[in-house]
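K.L.:
All chains, please: the whole structure from these sequences, using the hints.
There are 2 protein chains.
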Amino acid sequence: MNPLVEKFAKLGTDNAPGQEVRQAAGDVGGIGDKLEGTAVDFSHGDVNPTAFAPTPGAIEAFVAGEARGGSQAYTEYRGDGALRGVLAERLAAFTGKALDGARELILTPGTQGALFLAIASCAMAGDKVAIMRPDYFANRKLVEFLGAEIVPVEMDYLNVRDGAGIRLDELEDAFKAGAKTFLFSNPNNPTGVIYSAAEIAQIAALANRYGATVIVDQLYSRLLYSGVSYTHLRAADIDADNVVTIMGPSKTESLSGYRLGVAFGAAHLIERMEKLQAIVSLRAPGYSQAVLSTWFAEPEGWMDQRIRLHQAIRDDLLDVFRAVPGLTVRTPEAGSYLFPRLPRLAVPLHDFVRHLRAQAAVTVTPGTEFSPHRIDSIRLNFSQNHVAAVQAVERLAELIGRYRA
Amino acid sequence: MNPLVEKFAKLGTDNAPGQEVRQAAGDVGGIGDKLEGTAVDFSHGDVNPTAFAPTPGAIEAFVAGEARGGSQAYTEYRGDGALRGVLAERLAAFTGKALDGARELILTPGTQGALFLAIASCAMAGDKVAIMRPDYFANRKLVEFLGAEIVPVEMDYLNVRDGAGIRLDELEDAFKAGAKTFLFSNPNNPTGVIYSAAEIAQIAALANRYGATVIVDQLYSRLLYSGVSYTHLRAADIDADNVVTIMGPSKTESLSGYRLGVAFGAAHLIERMEKLQAIVSLRAPGYSQAVLSTWFAEPEGWMDQRIRLHQAIRDDLLDVFRAVPGLTVRTPEAGSYLFPRLPRLAVPLHDFVRHLRAQAAVTVTPGTEFSPHRIDSIRLNFSQNHVAAVQAVERLAELIGRYRA
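So the protein sequences, as listed, match chains A and B. First residue of the first sequence: 1, per full-length UniProt numbering; consecutive thereafter. First residue of the second sequence: 1, per full-length UniProt numbering; consecutive thereafter.
Hints may be right or wrong, so weigh each one.
For identical chains, the list gives no copy identity; a pair is met inside one copy or between any two copies.
[Said to hold, decoys possible] Derived BS3-like pairs: lysine-lysine, alpha-carbon spacing no greater than 25 Å straight-line: (1) K34 to K128; (2) K180 to K34; (3) K97 to K180; (4) K10 to K176; (5) K180 to K128; (6) K128 to K97; (7) K10 to K34; (8) K7 to K97; (9) K128 to K176; (10) K97 to K34; (11) K7 to K128.
Hints in this document: simulated from the structure, not taken from any laboratory.
P.N.:
Here you go:
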């Protein structure tokens, strides 16, 4: 096969979250009648006012940015300098470690943009990159796109209770085998589990020992449920030249429509990321950057309420799931994802997911987007209208009953 | 050298348009006193109301998009389906050839995003890509980033009057040498010249003969000066499976703060581009996409006036330049760039450009960003306040006098 054709054949998007519209419509011979109810798309959060609207003041900040004209439209490629200074202070306070906005921070078009720039700044064709299983679906594709090699590290999230369950022996094996880059999300996407302080300390120690760069995607690190403690890798005992942290306001803050992300850490890597950004997209949208002025500056109590509302949905959905015989799910400690392992079904997972959409108006993402092993799991983003989400998961439970092996 | 370090060492951005703020500030021993006057940054267009403000209705379209909520925030990766349908009709009418919005069009974060996706869909490490000299500065960097090889094709824009002056023999040599991709801008950036109908026909014929894919960046193809005729490559006699056209509303329409671009053409390439977009940025900003509803639907007479105003600035700047002994400049036929070749200077071009900024508050882009040979030229984006632009070019003329060899 032509190498270019082969390369793109591996890069699928049809099962990716948000792309379901591209799948063939209609039911393909499902069991039983349609279930009535409000359609819920769990492939991503619902940013409508009936669910979780954007941070107050976001649109006003955008309009004010547009009114500033050219200085806001054309920022440095790494983002507006003054804004980076402000954000660096807030991110330093949040993560517990100093940050230089001039040298150690870049604004990107979404966190996806930040992830691409970070990985492409650390790895090239032939290099090895350690990737968690399961983890955010694009991590694997990013490595494949670069022609680099994935070294998988398993996470025993269903059996471990104290921490994420990262197989540290496998991470060390990956480093021993030559992986110089490790990419992971914390809180983990899709499971919602958090790495313990001990796990983070050991990841840091291994990275130091093998001189590896760690890219940590902390997209959901603000949405922590009660009783949870979170450890920022960049504040751990790790060589600061070897860490990049990625965040953004698109999830908890529901600002996804503006496409904003940030990456911060080692100045020499941020420098590379800016050079790459010049090539792939120039800069985060100028006017949208202005919206970041609202980030970490939300109204008093707003974030607490947002967490409380998500925790209430989480708990109600867990109740429904835990009544399904044979279904296993770990309680998410952060973020808005649930990743239940389904009981054995009589149909392949991807067929079940399509029946679910056609028969119950419920969209979920198959577990295979996160790990090739997870042909038994589905991911739900429960940042949704509370009532609609519970009813949708009740329909999901009924369909599991119909399709049970 | 470490291959990754080597790769990034080649990717510079410090002299790229818009990045001048990163250069060391202050004058470094220039000749003579500072020249007073309004600072003008010719590295990009001025989108302030005192120069060329965004299309009427743009911010209102954005605000309406934000109010639509989730459906506007989360579009397909290739962009909102309904909007693509509308734009396809308008782009078909503009280019004179049918276009299927469902299969042949993708919305991207800026035209830079579109260029990256297009090139990366056609070429990989080791492949040869034909690139014009001079041409848009990022084209060369895109090819280098992919590890592909640039096969340069010269453009004799200063001596030819009928057409751009593409050396078609060199293009054929590039194809013979194995280049399967040809990327060029039309109107040409930085010179503002247009390829003649005969040149486009021959590019098409050569692409057909050698089975090469042509990516044509038509970013400025709406801003045509009086008496000029423009030929759309996609409407020429060329294999439709081998053409991708790139446009966007960031220049003539001054919508750069929204970061929007489009690519349209061969469905199999658009498909690849979407797969890549899923990796590098997911999608064009959701709310910003709504602004494209104003594109090719500007108020009656608005575009004509915008062209007239630019043509008046062009003509006044040309008058100033042509009074400078030894300076050569071709009259731009489209777009808002001027690319004068300066008389011989006593200092290297990059030093002159820095003196110009420090002593005369005039920012221009060195010709070397567009062709390694153009150590004698500078590019100016004259989409500026008319009076300020003329005065700035008068100061530039004075500094040429001071630094003349």
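K.L.:
Next step is simple, just say for each hint if it's right about the structure.
P.N.:
Here is how each hint holds up against the structure:
With identical chains, the CA atoms of K34 and K128 are never at most 25 Å apart, being 47 Å at best within one copy and 54 Å at best between copies. Taking the closest pair of Cα atoms, K180 and K34 never come within 25 Å of each other, the shortest separation being 50 Å inside a single copy and 51 Å across copies. Taking the shortest alpha-carbon separations for K97 and K180, only the intra-copy value of 24 Å comes in at or below 25 Å, while the best inter-copy value is 50 Å. With identical chains, the CA atoms of K10 and K176 are never at most 25 Å apart, being 27 Å at best within one copy and 30 Å at best between copies.
In this homomeric assembly, K180 and K128 come within 25 Å of each other (Cα to Cα) only inside a single copy, at 7 Å, whereas the closest approach across copies is 30 Å. Proximity of K128 to K97 under the C-alpha cut-off of 25 Å is found in neither arrangement, the shortest distances being 29 Å within a copy and 46 Å between copies. In the homo-oligomer, the alpha carbons of K10 and K34 never lie at most 25 Å apart, since the shortest distance is 34 Å inside one protomer and 58 Å across protomers. In this assembly of identical chains, the alpha carbons of K7 and K97 never lie at most 25 Å apart, being 40 Å within a copy and 31 Å across copies at closest.
When the C-alpha separation of K128 and K176 is checked against a cutoff of 25 Å, the pair qualifies only within one copy, where the shortest distance is 11 Å, while the shortest distance between copies is 36 Å. For the identical chains of this complex, K97 and K34 are neighbours neither inside a copy (53 Å) nor across copies (43 Å), given an alpha-carbon limit of 25 Å. With identical chains, the CA atoms of K7 and K128 are at most 25 Å apart both within one copy (17 Å) and between copies (17 Å).
Consistency note: the structure conflicts with the earlier hints numbered 1, 2, 4, 6, 7, 8, 10.
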